[in-house]
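Student: Sequence:
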Amino acid sequence: MAKYGSIVTGGQTIMAYAIGTTSCNIGDALLDWFAAPDARHPFITQNIYRIKAGRIEHIGLGWGKHGFTALQGTLCGTCQASSSGTWLGIGCSDPYSAGLNGSQSGLGTRTEVNAATGVFPGSPNVGMPAAPATIGRRIQVNANDLNPSLNAAATYLVEGQYIHSGDAARGNDDNNASWRTVTVGALTSGAYTLTLAGNTNQQQPAIHAWRAADAAVTLVNADVPDDGRFILGYKVSNNGNGTWHYEYAVQNLNSNRSGRSFSVALPAGVTATNLGFHDVDYHSGDAYDLTNWTSSTTGGAVTWTGAAYATNINANALRFSTIYNFWFDASAAPVAGNVSIGLFKPGLAGAANSVDIASMIPTPPPSNPADVNNDGVVNAADLAILLGNWGNSGAGDIDGSGTVGAPDLALMLGAWG
Numbered sequence: 001m002a003k004y005g006s007i008v009t010g011g012q013t014i015m016a017y018a019i020g021t022t023s024c025n026i027g028d029a030l031l032d033w034f035a036a037p038d039a040r041h042p043f044i045t046q047n048i049y050r051i052k053a054g055r056i057e058h059i060g061l062g063w064g065k066h067g068f069t070a071l072q073g074t075l076c077g078t079c080q081a082s083s084s085g086t087w088l089g090i091g092c093s094d095p096y097s098a099g100l101n102g103s104q105s106g107l108g109t110r111t112e113v114n115a116a117t118g119v120f121p122g123s124p125n126v127g128m129p130a131a132p133a134t135i136g137r138r139i140q141v142n143a144n145d146l147n148p149s150l151n152a153a154a155t156y157l158v159e160g161q162y163i164h165s166g167d168a169a170r171g172n173d174d175n176n177a178s179w180r181t182v183t184v185g186a187l188t189s190g191a192y193t194l195t196l197a198g199n200t201n202q203q204q205p206a207i208h209a210w211r212a213a214d215a216a217v218t219l220v221n222a223d224v225p226d227d228g229r230f231i232l233g234y235k236v237s238n239n240g241n242g243t244w245h246y247e248y249a250v251q252n253l254n255s256n257r258s259g260r261s262f263s264v265a266l267p268a269g270v271t272a273t274n275l276g277f278h279d280v281d282y283h284s285g286d287a288y289d290l291t292n293w294t295s296s297t298t299g300g301a302v303t304w305t306g307a308a309y310a311t312n313i314n315a316n317a318l319r320f321s322t323i324y325n326f327w328f329d330a331s332a333a334p335v336a337g338n339v340s341i342g343l344f345k346p347g348l349a350g351a352a353n354s355v356d357i358a359s360m361i362p363t364p365p366p367s368n369p370a371d372v373n374n375d376g377v378v379n380a381a382d383l384a385i386l387l388g389n390w391g392n393s394g395a396g397d398i399d400g401s402g403t404v405g406a407p408d409l410a411l412m413l414g415a416w417g
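Mapping the sequence shown onto my numbering, position 330 (from 1) lands on 330, and the numbers just tick up by one.
Heads up, a few of these hints could be off.
The calculated label-pair distances, taken between Cβ atoms and stated as ranges, are [as the list claims (entries may be wrong)]: (1) Ser97 with Thr294: 38 to 44 Å; (2) Leu71 with Pro267: 40 to 46 Å; (3) Asn274 with Ala358: 21 to 27 Å.
If you're looking for bench data, these hints aren't it; they were derived computationally from the structure. Quick caveat, the model's predicted, so the values are computed rather than measured. For glycine and all other residues, C-beta sits at the position ideal for the given N, C-alpha and C.
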């Protein structure tokens, strides 16, 4: 890890970091590694995430490192070294230190990269502004997201991802991200010290860290035809007051079409509250809009939506190598069902504009409101739920008054059996 201090902008302290990365050629062919202006080299993204209060959040990203030469190391095992640094040999490794990955002149904007194909211009950053001093182009994190006094019990991790046209062309581009835990130390020289801890979790995108930290989390891959991969993480928990908390995180691993909306079915009679959204900020001259997605509970769904591609090609979209979060509370227990990601960019003629992913969603309310647990009969199990929620809203509020009380008990007893 490398840290570069901080600056204050817009009343917020922004700290800058870089991560060292090492690649391994585990294939059976030499991997192109030509320096710019030749585009046949990897583009290496760097990210920082936080896991706090049951949620993984993307709190910082940097521009991507453009590879320029490949050393022929043995970290991966037996190395069949290439004749020069313009290829990475079979079985060989290539290290890029945090200092190299934090060198501003070697960092390129993500806006030029098609992560699904691995294609980008050979000469990066044409028309882009010079890197701002100290924090420009590097991983930028708000100090409040690292401050130990504001983030009790939080854990942190870093992620590196390699994007390469040769790898993508052969369909081998879903194993190019890895993550590792970091600890937050003292505040010195204008930034908190981040120290690598534990081992690198190779070939695992960062969202896998959420599953590693919480066994209740489920991960599901979703591949968009002729494009790339999204990974959905979800967890549903009982709030104990007649409502359930629905927590979703979506990582865009390498989809160029990107995500524009996220939707969860909301059956009639089910109420959704406490809606939330979290994204990550681009910076250093990237043209992407930072406007948060808007949420709604109309049309039979809880939906978060950003601006359309036809309206603004630089709208806030769920682009490659990022994680966005969506959450809400609902007055219904979970049941298996699909969530939907609406795609931002148009695809090939006839291509679908959304992708459905298996998940857990709120269940429709019972046809008999007194059958609180929806098992087809009104009995002691329903009574226990009603009494357990006495004086509160939610499950057992049969008359819809907003409070579970004597009128609800009378309705339940009248429907008994």
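Student: Hint by hint, say whether it matches the structure.
Tutor: Do the hints match the structure? See the list:
Distance hint for Ser97 and Thr294: a CB-CB separation of about 42 Å, consistent with the stated range 38 to 44 Å. Taking 40 to 46 Å as the suggested C-beta distance range, the pair Leu71 and Pro267 does not conform, at roughly 57 Å. At roughly 24 Å, the beta-carbon separation of Asn274 and Ala358 lies within the given 21 to 27 Å, and the hint holds.
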